[in-house]
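Protein sequence lines correspond, in order, to chains G and L. Residues 1 to 406 (UniProt numbering) are what the first sequence spells out, left to right. Residues 1 to 407 (UniProt numbering) are what the second sequence spells out, left to right.
These are calculated hints, taken from the structure and not from any lab test. Among the hints, a few may not be true.
Claimed, not checked - Derived DEER-like restraints, expressed as beta-carbon distance ranges:
no.: 1; chain 1: L; residue 1: GLU252; chain 2: G; residue 2: ILE381; range: 20 to 30 Å
no.: 2; chain 1: G; residue 1: GLN227; chain 2: L; residue 2: SER371; range: 43 to 53 Å
no.: 3; chain 1: L; residue 1: GLN127; chain 2: G; residue 2: SER234; range: 50 to 60 Å
no.: 4; chain 1: G; residue 1: SER334; chain 2: L; residue 2: ILE263; range: 24 to 34 Å
no.: 5; chain 1: G; residue 1: GLU229; chain 2: L; residue 2: ILE263; range: 27 to 37 Å
no.: 6; chain 1: G; residue 1: GLU223; chain 2: L; residue 2: HIS239; range: 52 to 62 Å
As the list claims (entries may be wrong) - Taking lysine-lysine pairs in the DSS-like style, the calculated list, with each CA pair at most 25 Å apart, reads:
no.: 7; chain 1: L; residue 1: LYS166; chain 2: L; residue 2: LYS144
no.: 8; chain 1: L; residue 1: LYS397; chain 2: G; residue 2: LYS15
no.: 9; chain 1: G; residue 1: LYS15; chain 2: L; residue 2: LYS396
A virtual CB, placed ideally from N, CA and C, is assigned to each residue, including glycine.
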Amino acid sequence: MHLKLAYRNITAYKKRSIVTLLLTTVTTALLVFMTAWMDGSHSTILSNAVEIYPGYIQITGKGFRDNPSFDNLIFDAQAINDKLGKQAGIAAFGARFETFVLYSVGEKAVGGMLTAIEPEKEAHLSRLADSLIKGEYLQAGDGNQIYIGNELARRLKVDVGDIVTFIGSGADYSFAADNLKIKGIFQTGLFEFDAAAAFLDKSYFDQIMASDNSATHFIVLPEEPEQAEQLAASIGTNLGPDYESASWNQIMAALVKAMQLDSVFGYITLGIIFTVIFFVIMIYTFLAVFARIRELGILRAIGTKPSEIFIMLILESCLLALVSVLLGGLIGASAAWYFEANPIVFASFEEQFKQYGMAVSAIPTAFMPLVILRDMAIMFILSVLSTLYPILKANRMQPVEAMHHV
Amino acid sequence: MFSLIIKIARASLARRGLRSLLVILMIAVSLWGLLLIEGVYEGMIEQMINNAIRSDSGHLSLFARDYRSDPDLSRQVHEVSAIKAALEQDTRVRSFAERIKQDGLAATAHASRGAVIIGMDLEKEEQHGRLAEYLQKGEFSFGKKGKGIILGFKLADTLRVRIGSKIILSAQDMHAEVASAAFRVTGILKTNNMGLDERAVFIDLNKMRKMLIVPEGVSQIAVIVHEQDQLAEVQEDLHTRFPDLDILRWDELYPALMQSKVIMDGFNMVISGMIFCVAALGIFGVILVSVLERIREFGIMLAIGTRFGLIRNIILAESFFLGLIGFVFGSLIGGANLYYFKIYGLDLSAFSDAFDEFGMDAITYAVIRPSYFLTAFVAVLLATFFSVLIPLRVLKKSNPIEAINKV
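With the hints as constraints, model all of the structure from the sequences given.
Written out as structure tokens, the structure is:
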């Protein structure tokens, strides 16, 4: 019977119902979409940052992450190779040796990074091979040929086929220098990276840098990227205390935190908008309840208990909230679903993204049913809560007082 | 007449005290939120821009032609003394600083990184961009013999150096020979200008001249003006006087910052628009109901000869009072809150790693502009005005005089 009354009341006060319905619907849709947008943009930015070069899991010698000196290298790369080969859950892995050197061409000298990679394996681990824009990607047995970032090439004023000289120090701190021939040029979109990095086949690098059987990093691509953290931990135990195994959450802790901060700001802004919206819902409920204050007084006078009136009124707002949350959830979810398949393109903001080291210009939303349900539940509760005060207020009046209320 | 309108409006608002209070609260809260969003977000962007201006670009920077696309030591600004004289005479210019820049390698015994070596005159930089305020550790000096080096905190972190650590700088000199020199770290800077924090090392200007054999000429002259409005003018004047130089404003040197500002402004507009539409809806509801409730009352007024205009004005006044009181309260709370954040700052140090990633300060000092209050006032005024339009039409259509005869 309560339900019936509530339903009648909703249809009887159409205008108020429609406004409340619309407001809650729009708010729910907004929240669902904004959450999908924030989650989507954050995971896109993170996975881009991870996949371009750093990789999901990095294995280093003990202490290397805090103090990246040649004293903390991985000195037995072969042993790691064997162990990783046997570990389950790994899609691909490979060794890297990173050094910082001075490149020079003719009269021009620029500091940069020279990294040894295993070209075939590296192609699976990062987006280096896909970022080729000119010439060719490396392959094993390439000798002194390098694969160089387009900005670095531009600074050195070199092109495919040209010779670049480098000066640096080998793994045994000896002086190392050689002439390298440019085989290919890449562009990842990360300006700083493209302006500093060049790559060389590890077998050749090991000869000139005395780095045979050693490495600065092993990069691991998990079969399930979501499981990176667990896999990193299990690799860590497997390899023993002489090595450190870190997942991307640790490697890029600052970026992860920056994304959280962005969410915090997003929710604060939404929070302010929602406060206003729920004030309005409260006002409308207030109007609707007080419009029939005499009716409620009469109900009380003929013996209806306050609790029954409360149930009737709260059912009414529950019904309204339910319908609008469902509607809003549906709208928000379909927008989230659509923009996940058709990412929003921000071509004109690329400059700003670049500054933050993000090579992203298209951002998909994240369609996650559980999160959407959570947001809908939050909205439902908030919307019912905001009607609570007016209902209690009206219900607290004495029947006679209510009947005479003008 | 006028006082009558006010009297009636006030009385009818007071009669529905709780309802009026809710509306006023709603307006006040939305205004508070809006002011906070505007002031704090604008403060953030301003600080980023300020950091870039103070630590690097100035309001204007003078470079040799094409230095930006090919930052080579050989591309130098030569007529330095003529330019200095021109800048000193220009009353619009507050300060300027000359720097020599060259890409090179910064190395310790264990690590090395590519770095931008910047030669500067610390005393001048201090007057120019108050650079010493950015000092995180150590002191703002190159030591007595000028053998000190100050570097960005992220670079210091990757090189694992502390105050007193030795750093070897290598770079090409004017004759394209590689020159090296040893320095001791005297200071570590945190400018929150990411490019500098990650890559810059600062050494004494004269030391740099000797090391890289640069007898005269500089790579950059950064200029700070008194009034930002005069910026374009100063740029134009300098350009006519020194047509061989590239003279660029900060927003040309840091387009990403300008873009952030544009995005932020747009974002603020959208949010304000949304909040005021919702708030208008709230006022609308209350006015509509209060008009509908009083149809008989208005009918009687009309029957005894009151003009409809008067009734319209009463309703308008009610709505306006609600808006005005809400505005005053909202402005007071919001303004006080912003003022607090302007003086003491909004401290989000818990997220300082994240702010470093974005190149932002962890403590944001809010901005307060009269325009915030002015636009908010206009918005409230519009909201109150538009929200009575429909109730008035409803009132006219419902034919109040006939309504008297009904129960």
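Outcome of the hint check:
Taking 20 to 30 Å as the suggested C-beta distance range, the pair GLU252(L) and ILE381(G) does not conform, at roughly 50 Å. Checking the proposed 43 to 53 Å range against GLN227(G) and SER371(L) shows it holds: the Cβ atoms sit about 52 Å from each other. Between GLN127(L) and SER234(G) the beta carbons are some 58 Å apart, a value that agrees with the proposed interval 50 to 60 Å. Between SER334(G) and ILE263(L) the beta carbon distance is about 26 Å. The supplied range of 24 to 34 Å therefore holds.
Distance hint check: the CB atoms of GLU229(G) and ILE263(L) are about 33 Å apart, consistent with the given range 27 to 37 Å. Between GLU223(G) and HIS239(L) the C-beta distance comes to about 60 Å, which sits within the given range of 52 to 62 Å. At roughly 16 Å between alpha-carbon atoms, LYS166(L) and LYS144(L) fall within 25 Å of each other, so this suggested pair holds. Distance restraint check for LYS397(L) and LYS15(G): the Cα-Cα separation of roughly 17 Å lies within the 25 Å cut-off, and the hinted pair is therefore satisfied.
For the hint linking LYS15(G) to LYS396(L), the alpha-carbon distance of about 19 Å falls within 25 Å, and the restraint holds.
Of the numbered hints given earlier, the model fails hint 1 alone.
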